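As they're listed, the protein sequences go chains E and F. This note's numbering numbers the first residue of the first sequence as 50 and each following residue consecutively. This note's numbering numbers the first residue of the second sequence as 162 and each following residue consecutively.
Derived by calculation from the structure, the hints in this document are not laboratory data. Hints are not guaranteed to be accurate.
Taking lysine-lysine pairs in the DSS-like style, the calculated list, with each CA pair at most 27 Å apart, reads [said to hold, decoys possible]:
id: 1; chain 1: F; residue 1: Lys-370; chain 2: E; residue 2: Lys-478
id: 2; chain 1: F; residue 1: Lys-453; chain 2: F; residue 2: Lys-402
id: 3; chain 1: F; residue 1: Lys-406; chain 2: E; residue 2: Lys-478
id: 4; chain 1: E; residue 1: Lys-478; chain 2: F; residue 2: Lys-376
id: 5; chain 1: F; residue 1: Lys-374; chain 2: E; residue 2: Lys-452
id: 6; chain 1: F; residue 1: Lys-377; chain 2: E; residue 2: Lys-478
id: 7; chain 1: F; residue 1: Lys-351; chain 2: F; residue 2: Lys-441
id: 8; chain 1: E; residue 1: Lys-452; chain 2: F; residue 2: Lys-466
id: 9; chain 1: F; residue 1: Lys-319; chain 2: E; residue 2: Lys-478
id: 10; chain 1: F; residue 1: Lys-377; chain 2: E; residue 2: Lys-452
id: 11; chain 1: E; residue 1: Lys-478; chain 2: F; residue 2: Lys-299
id: 12; chain 1: E; residue 1: Lys-452; chain 2: F; residue 2: Lys-316
id: 13; chain 1: F; residue 1: Lys-351; chain 2: F; residue 2: Lys-329
id: 14; chain 1: F; residue 1: Lys-344; chain 2: E; residue 2: Lys-478
id: 15; chain 1: E; residue 1: Lys-478; chain 2: F; residue 2: Lys-453
Small disclaimer: the values here were computed from a predicted structure and weren't measured.
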Amino acid sequence: MSATATRPSTDPATEPAATGSAADETRPSLLSAVVHSHAARKLAVLVVIAVVLVPIAHAKWASGSWPDALTVDVSGPLGRASDWILDNRDSHWIFLYFFGHISNVIIIGVRAVYVALLALGWAGVTAGLTLVAWRVAGVRIAVTTLVSFAVCGLLGMWVPTMQTLALMVIAVTASVVIGGLLGLAGGLSEWAFRVQRPVLDTMQVLPAFAYLLPVVMIFGNGVPGAVLATVIYAAPPMARLTALGLRGADAGVLEAVTSLGATWRQRLLSARLPLARKELLLGVNQTIMMALSMAVIASVIGGGGLGDRVYQALSSVDVGKALAAGLPIVLLAIVMDRTIGAAGERIGEPPAEGGPRLLRGWPAWAGVGVITVVVTLVGRLAGSQTWPTGWTVAIEEPVNQFKEWMVDHLYTGVPVVGGTAEWAADYVKWILDPLREGLQGIPWYGILLIVAALAWLIGTWGTALTATAAMAAIGVLGVWAPSMDTLSQVLAAVFVTLVLGFAIGIWAARSTRLERMMRPVLDMFQTMPQFVYLIPVVALFGVGRAPAAAAAIVYALPAVIRITTQGLRNVDPAALESARSLGATQGQQLRQVQLPLARPALLLAVNQGVVLVLAVVVIGGLVGSGALGYDVLFGLAQGDLATGLVAGAAIVCLGLMLDRVTQPTSRRDKKGA
Amino acid sequence: MATARTHRLRRLLMAATGATALLTATGCGAADMTKQSSPYANVGGAKSVTLSVQSWVGAQSNVAVAQYLLEHELGYHVDTVQVDEIPAWDALSQGRVDAILEDWGHPEQEQRYVKDKKLIVPGGGLGVTGHIGWWVPKYFADAHPDVLDWKNLNKYAKTFKTAESGGKGQLLDGSPSYVTNDKALVKNLKLNYQIVFAGSEAAQITQIKQFAKSKKPFLSYWYEPQWLFNQVPMVEVKLPKYTDKCANEGTKDPESIDCAYPTTPLQKYLNADFAKKGGKASAFLKKFHWTKEDQNEVSELIASKGMSAQDAAKKWVEAHPDVWKKWLP
Chain E
50 MSATATRPST DPATEPAATG SAADETRPSL LSAVVHSHAA RKLAVLVVIA
100 VVLVPIAHAK WASGSWPDAL TVDVSGPLGR ASDWILDNRD SHWIFLYFFG
150 HISNVIIIGV RAVYVALLAL GWAGVTAGLT LVAWRVAGVR IAVTTLVSFA
200 VCGLLGMWVP TMQTLALMVI AVTASVVIGG LLGLAGGLSE WAFRVQRPVL
250 DTMQVLPAFA YLLPVVMIFG NGVPGAVLAT VIYAAPPMAR LTALGLRGAD
300 AGVLEAVTSL GATWRQRLLS ARLPLARKEL LLGVNQTIMM ALSMAVIASV
350 IGGGGLGDRV YQALSSVDVG KALAAGLPIV LLAIVMDRTI GAAGERIGEP
400 PAEGGPRLLR GWPAWAGVGV ITVVVTLVGR LAGSQTWPTG WTVAIEEPVN
450 QFKEWMVDHL YTGVPVVGGT AEWAADYVKW ILDPLREGLQ GIPWYGILLI
500 VAALAWLIGT WGTALTATAA MAAIGVLGVW APSMDTLSQV LAAVFVTLVL
550 GFAIGIWAAR STRLERMMRP VLDMFQTMPQ FVYLIPVVAL FGVGRAPAAA
600 AAIVYALPAV IRITTQGLRN VDPAALESAR SLGATQGQQL RQVQLPLARP
650 ALLLAVNQGV VLVLAVVVIG GLVGSGALGY DVLFGLAQGD LATGLVAGAA
700 IVCLGLMLDR VTQPTSRRDK KGA
Chain F
162 MATARTHRLR RLLMAATGAT ALLTATGCGA ADMTKQSSPY ANVGGAKSVT
212 LSVQSWVGAQ SNVAVAQYLL EHELGYHVDT VQVDEIPAWD ALSQGRVDAI
262 LEDWGHPEQE QRYVKDKKLI VPGGGLGVTG HIGWWVPKYF ADAHPDVLDW
312 KNLNKYAKTF KTAESGGKGQ LLDGSPSYVT NDKALVKNLK LNYQIVFAGS
362 EAAQITQIKQ FAKSKKPFLS YWYEPQWLFN QVPMVEVKLP KYTDKCANEG
412 TKDPESIDCA YPTTPLQKYL NADFAKKGGK ASAFLKKFHW TKEDQNEVSE
462 LIASKGMSAQ DAAKKWVEAH PDVWKKWLP
């Protein structure tokens, strides 16, 4: 609705932007021609700045770490803010008439879905969802759905699965609606796009744990806080991909539609949105994945359901139980993802030839309804509404035994490659420690200069300014030393992730079979709650920074692999064909055609690698990585807004800096798109 | 045209229904933030109680037994939620959980919610006493008995060194939610140790087990009652004696603390509303009172025998009717 309102004023603005981008496209070649002198000039300016400022800084604040004189202590105001919230939560109008209603609506919504699911019973839910999946996505996915729900029941997780499903339905709906609206605005208006970008960046980079605390204080513990935290985390990919899809719409088609005299609204509904269908669906898919990955983090503030079971299993260090609760999360993700994916592919297609006639139009939906009701009633007559207690399979014991076996055999003394304990010690000793000492040893103004130089060399002075300001903000907040510690951990983990991710991604792009085989594995790693593999990583790598790195790599790798593979696959077949006809070898095709053409995708992969590794920094705090991650956890556990928020803000600043240092070129590309 | 009109009509209808539902649902008036129970509570006409479980197994045992008796003797449905201690107080004040069965002492929260706002009421003692301290494994203490005095700890700093402790001895600390004075202690007692925060109890337990498996020496912050002692026997290192004077100064300036941790009689807390209107459930929870031995019996069944909390509770309940019969209202 808001998009409609702002629309007339933004339409003319989009046109000049498009022509402006054409001018932009000529710039890179120009730029590359003068790149050396250009870079030299930038560096020269920085050197002059350094020569003037460094002696002053050095004379005034000689310490290598950020000087105390330049910090601002925010713990006082933050402490007062949190006290104010707790004291006024049940009396002030903003809670009584605004926040309170938001949490009430969420509670009512989740409860309604949950009651409905319970009323359908296990038989009704399984039958209904299987039929829906069959109707919109075909037999194969229907079978997947059936099996998945049966497994949830067999694992003894029926009730928690329904609780999580109820929470997810509400959280995903809210994320898709909010993200979609933001994306619509960003896709149609250059101004909105620019304003949104830093906000979305922040939402995604801000570790969930850092905003759990304020969310809990305002909306209260439990489901409302969990849903809102999930929306904050899961809406950005929807917004980003919607905007990307709308902006990337084929200019030729749009022109044709315009020349046919279509109104703005017709153009949007009949051309732009349908053309962006792929991105929209990818957005929904990503939102579901991210929402489910929040299911466990949300359990830290009492979100209940499967996440809570994983979290409870952790406290008795029971990997088997954690896995039994984690698997349904993965299965839910796979079912939702596949169903929506298949449904999306069918949208706009003519109804499938063949296939039973009954499966078309409203009679089919009525059929789905009737069968579901019948099965529900039969299920009721047969007895239990929740999964029958006898029909469960205990996987805890074998899983725990397997974990023990793995740890026993991999921990130490494996011939040639060495055990995980040795890897961890080497990683800490040869990579992390030197990197941390290096970063903490360079004087603070040195780091600022390096950041400025890096950001400026690949971007504009604006990028350099943002990156440097973000770094300076970390110093001002008084967390310089722990931030350098965290930065060293992030850099090392991103490096390993990218090396592995690119290698596997390139490999998968060449072999469809490998890609298909890897798909469920990647799904699993991406959606399996990180909490499930916390215990194994500690058992394998000990407490400290090494297990944190392992957790981060496992979490960030799937996205990097996926984006790399997709980027390479989407390379214009004509370009590849012409290279092949010129007799290029596989390697030449890869190096000279595919990789250069897939550059935007690869840069996106780098960016996502950074974002995801940063997202796990806090999880790293749970296994002893210390630094900012631990501070965020400490803030949450002790209700200490100052410690938690400051550390969270520092993580955001690190994220912004890393983003600006790695991504400026791709941003220019996006703008042109 | 016709389809466009039906579309618009349908949308209008949906918006109207949505708005009406929203207004009826929220009553259009003030939303009371202190009365928002969990959406999963009281579904299908069942009377339900929501209990907060803390992340350690002792707390799981309390909840498991309470849950078993509430469900089988009193006919309630029990929901459990795991929340960190401070957020749990917050949840208790809003009625999202009804009771905390094991609290290790949170003066600030007691002041705010119990004394000032009266949203939470004390539920009496649990009967178990908690104690925090520094511990070394028994196999190491047996070989080096003098490690048990803090004055000798510096002698062993090299022995307790790890990759993460930066050349000093490693003092392994646990979850950020736990009460700890270790930073002040290391500084004030001039110990050559680096505190390494495991970040969660799970990580700490896993690390301790890993150390124990290879019979490596370690020094760790730990507490009792705790089931891990049954698997990894540990001996406490004596810190300077706990005194009220040291404790009082510590409350004023936490960085001045230089004595051992106190022993804490663990407490129960109930949501004020639930305490009044919770009927048999609240009466039962107020009377719940058992010993460290009872709790450890259940904890061990859960944590080292691999039983589910409910099975462990059932086993204990069947063996000790004399204890729990007194709790029934």
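Hint check:
{"no.": "1", "hint": "F:Lys-370 x E:Lys-478", "in the structure": "holds (23 Å)"}
{"no.": "2", "hint": "F:Lys-453 x F:Lys-402", "in the structure": "holds (23 Å)"}
{"no.": "3", "hint": "F:Lys-406 x E:Lys-478", "in the structure": "violated (44 Å)"}
{"no.": "4", "hint": "E:Lys-478 x F:Lys-376", "in the structure": "holds (23 Å)"}
{"no.": "5", "hint": "F:Lys-374 x E:Lys-452", "in the structure": "holds (15 Å)"}
{"no.": "6", "hint": "F:Lys-377 x E:Lys-478", "in the structure": "holds (20 Å)"}
{"no.": "7", "hint": "F:Lys-351 x F:Lys-441", "in the structure": "violated (54 Å)"}
{"no.": "8", "hint": "E:Lys-452 x F:Lys-466", "in the structure": "holds (17 Å)"}
{"no.": "9", "hint": "F:Lys-319 x E:Lys-478", "in the structure": "holds (17 Å)"}
{"no.": "10", "hint": "F:Lys-377 x E:Lys-452", "in the structure": "holds (21 Å)"}
{"no.": "11", "hint": "E:Lys-478 x F:Lys-299", "in the structure": "violated (30 Å)"}
{"no.": "12", "hint": "E:Lys-452 x F:Lys-316", "in the structure": "violated (37 Å)"}
{"no.": "13", "hint": "F:Lys-351 x F:Lys-329", "in the structure": "holds (12 Å)"}
{"no.": "14", "hint": "F:Lys-344 x E:Lys-478", "in the structure": "holds (25 Å)"}
{"no.": "15", "hint": "E:Lys-478 x F:Lys-453", "in the structure": "violated (43 Å)"}
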